[in-house]
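Chain residues, written in single-letter form:
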Amino acid sequence: GQNIDQPTEMTATEGAIVQINCTYQTSGFNGLFWYQQHAGEAPTFLSYNVLDGLEEKGRFSSFLSRSKGYSYLLLKELQMKDSASYLCAVRAFKAAGNKLTFGGGTRVLVKP
Amino acid sequence: DTAVSQTPKYLVTQMGNDKSIKCEQNLGHDTMYWYKQDSKKFLKIMFSYNNKELIINETVPNRFSPKSPDKAHLNLHINSLELGDSAVYFCASSQAQGGFTDTQYFGPGTRLTVL
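Those protein sequences? They're chains A and B, same order as listed. Going by this note's numbering, the first residue of the first sequence is number 1, and it counts up by one from there. Going by this note's numbering, the first residue of the second sequence is number 1001, and it counts up by one from there.
Since the hints were made in silico from the structure, they are not lab data. Among the clues, some could well be false.
Calculated from the model, a selection of chain A residues having no Cβ within reach of chain B, i.e. all distances over 10 Å [stated by the list, open to error]:
| hint | residue |
| --- | --- |
| 1 | VAL18 |
| 2 | GLN19 |
| 3 | GLN25 |
| 4 | THR26 |
| 5 | PHE33 |
| 6 | ARG66 |
| 7 | PRO112 |
Interface residues of chain A toward chain B, partial, derived using beta-carbon atoms under 10 Å [stated by the list, open to error]:
| hint | residue |
| --- | --- |
| 8 | ARG91 |
| 9 | GLY104 |
| 10 | ARG107 |
Every residue, glycine too, gets a C-beta built ideally from N, C-alpha and C.
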């Protein structure tokens, strides 16, 4: 099976930086995704890591260490619209095909 | 232009009824998925189809039956609805299996409430 852990909730101030950690245990690791989900809306894709290291995309960066089973999502220059849940999802190769398993999400509240 | 669409957006029904949710994607993707997101916000895979063929079937009661008439459509039929079926159901699609092309794009969700 797969275990994916991320904090339930984080609070940060507008303009600041927040780092959301995700740890996972899986066999057949085949990539890690981060999604953003605003309340009542669909998850939207933010980033993808399959090799170790940092992927930067504007204000958002994602890091992966496969040996440690660890990833983080870094949100810089926080804006009020960044208040949302952030879902870590691990893809594992199974005989039937790739399967994506989501963590419970981290709710980020950005305060003025 | 809607990429992944679902109907209906809201569905309120009585226990024991049978209902269907429809999903369509216009992205030209080969793979489609159904997920359930419960009140605790966990998003769990239910089914996955690749080119109309079922490839992932998680431990889901057989009251749930997916149907894919073509690779752009994946519908979900639920028989004998129970209170525990109340959740938000998301459809998703991806271009292919593996690599970056496996990035999944989600529909707006269908909020099902069983009374």
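Now for the hints, and whether the structure bears them out:
no.: 1; hint: VAL18; verdict: 19 Å, holds
no.: 2; hint: GLN19; verdict: 21 Å, holds
no.: 3; hint: GLN25; verdict: 17 Å, holds
no.: 4; hint: THR26; verdict: 14 Å, holds
no.: 5; hint: PHE33; verdict: 7 Å, violated
no.: 6; hint: ARG66; verdict: 16 Å, holds
no.: 7; hint: PRO112; verdict: 25 Å, holds
no.: 8; hint: ARG91; verdict: 7 Å, holds
no.: 9; hint: GLY104; verdict: 5 Å, holds
no.: 10; hint: ARG107; verdict: 8 Å, holds
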